[in-house]
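Q: Spelled out, the chains give:
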Amino acid sequence: MLKAHTLVLPAGVATLLLITALAYHGQQQADSSTSAVANVNESGLPIVMTLRDMRAGVLRIVASTSEHALLHHLAPNEAIVDDHTQAQTREAGLADSGRQSYDAALLALDELFTAARHQANPETMRRRQADMAQLAKSYAKLLGTAAELKGITHSAPTKEIFALKENFEECETEMLATLQQALDAELALTTAALANSAADTSALRDGIEFATLLVMLAVTLLTISVVRLHARESAARQRAETNAERLAKEIEFRQLAEAQLVAAQKLSGMGTMLGGIAHSINNHLAPILSLSQLLRDSLPADSMARRDAEHIAESAKRARQVLADLLAFARNAHNDPGAEQCEAITCLRQVLKIAATAVPATIELAIRFDIERARIGISSTELENLALNLLSNARDAIADQSGSIEISATTVDAGQVSTETPIIGATAARYLRLEICDTGQGIAKEDLSRLFEPFFTTKAVGKGTGLGLAVSYGIVTRASGMIAVTSEPDKGSCFKVFLPILDHRAAPDKTSP
Amino acid sequence: MNQILIVDDEEPVRYALHRVLTAHGFDCHAVENGRAAISYLQNNTVALVITDIIMPDIEGVELIHRLRRNQPKLPLLAISGGGRIDAVEHLKLASALGATATLRKPFDNDELVATVRRLLPGTPAPGSSNT
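Protein chains in written order, with the numbering used here: chain A, 1 to 513; chain B, 1 to 131.
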């Protein structure tokens, strides 16, 4: 903090002295009796300059009668610094000759005051003298304060008080704060001095100009510093924001993958349980179906009892189908790989037949197939079953409203699978992507995670068993594929099924029609 | 008359099979597990064995294996309602071990009778069902 005012304030004061010296150049008054001034330049005023050691970066203020003498005063590595707002002036402290500079400055001020006495407007000059005196006092005070803090008094031999700061940026903020403080002090003093003067508008104007100059200097330095700090902060903030965004995406992906794994484990466990339940129920259904049919066959054709027995038998058959679907799901949940395969184009032709029957004429149907020859690890029957389930759901989602269903199929790389769904586990190189999208009522967000659970349905009672998507899930996972859904309420849903394309050396299709 | 041996640990299943087959003119005897079946076969001659797969105390698969070793020409009909794994897998295993035919429970009476007739030469003609 001290460093700032000791390098800027002396520079500012030196500038002031220079300006003042130049301003009074035409009003020089020589007083040969004041031999206290060692040297007087041709104009009668001493030249006060700030010198800089270009190697050590040290500043010192000197007074000289002439440029010629000044040149002799220059040390080998020193240069005259005219503009004390330059960056160089922010470095360093006082050189060994600092004390001499201080004395020389005071001496020069004295001379100026003497010269000022002979001004045409004594009153104005008295005001200026008061101002200058104040400034000089402030300078001396600050310098003295700095010197005292460093353990050096005015009477002590001067030496380098402040060390060079190697990293300008480290002291920039501190310097600026000290500068501001020093300038505030100067401004206050100047203003006070000017305020105490009797209505001297020119003195007031000069004082204001000086204060303005100092304020502008401070503002410039502060602005530069703020801009640099802001730029550094912006870059750092941008880097932090980018990293935070990347981290957020990574976290989201991992959470989705974890949710998928939990769901798969849940469904697998459910499959195991369902298998055991199905065995037990099938054993109980066997006598129900057999004996109800036997009873039916023994009753008269038009008897109510025969119709009753028939209903019992039919109910037992429906229960048998439900269990068959459940067992299919349970079987698939254990990832039992099937031996069935089919040619993708052949299988998809069957899907078209399914679509023709499952989708009513009131619903617009669009078909887009863009696939290469490929074999997929699923039987034609299973793919038909899968398509029927998805198309039935799409149709039911549209219900009595006007809408459309689009069926599209294409082949994609494993990398594309990863970008289209959060599902992980793409092990094949290429996949057949079968997509069935509708413009129906959509699916609520809270239902999406449960969509493939057995018996979960959003349809009215009696309108669905809740097994269609569970069976579809089982078919897809058994074929080592993936199924994903996106949906927006009142806009529609899209089911994407990814089925791995098998090696061309795989076994021939056993299920082609 | 050719006799059919029914092997199933569930009494309602044994009863239903016995009733249906008897109604269609077949002579049947039912036992509740594989050990009882082996014991019965040591002292009796049957024309067909209908056996469940999952049973306690010598499972149907083991029964089939033993019967194939001792009576390689005896027709064997394996039935199953499934379990932890699908009935299909059980029945595939049964076929691999030598079962002549397989049926998944619950099955229609017509399906059962048609299969039994196919496995038993000289069986009663259709339409001979009685209660």
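In case anyone wonders, no lab produced these hints; they're calculated from the structure. All values reported here derive from a predicted model rather than from experimental measurement. Heads up, the beta-carbon is just placed ideally off N, CA and C, and yes, glycines get one too. Among the hints, a few may not be true.
Cβ pair distances, simulated, as ranges [stated by the list, open to error]:
hint : chain 1 : residue 1 : chain 2 : residue 2 : range
1    : B       : D108      : A       : D490      : 41 to 47 Å
2    : A       : I345      : B       : K92       : 28 to 34 Å
3    : B       : H29       : A       : A429      : 28 to 34 Å
Coverage of chain B stretches by chain A, computed from C-beta distances (three or more under 8 Å per stretch; other residues unrestricted) [said to hold, decoys possible]:
hint : segment
4    : 5 to 14
5    : 18 to 28
Q: Each hint: holds or not?
A: Hints, verified against the model:
1. B:D108 x A:D490: 41 to 47 Å: The hint (41 to 47 Å, Cβ to Cβ) holds, given that B:D108 and A:D490 are roughly 46 Å apart.
2. A:I345 x B:K92: 28 to 34 Å: Hint holds: Cβ distance 31 Å, inside 28 to 34 Å.
3. B:H29 x A:A429: 28 to 34 Å: 59 Å, violated
4. 5 to 14: holds (count 3)
5. 18 to 28: holds (count 3)
The structure shown violates just one earlier hint, number 3.
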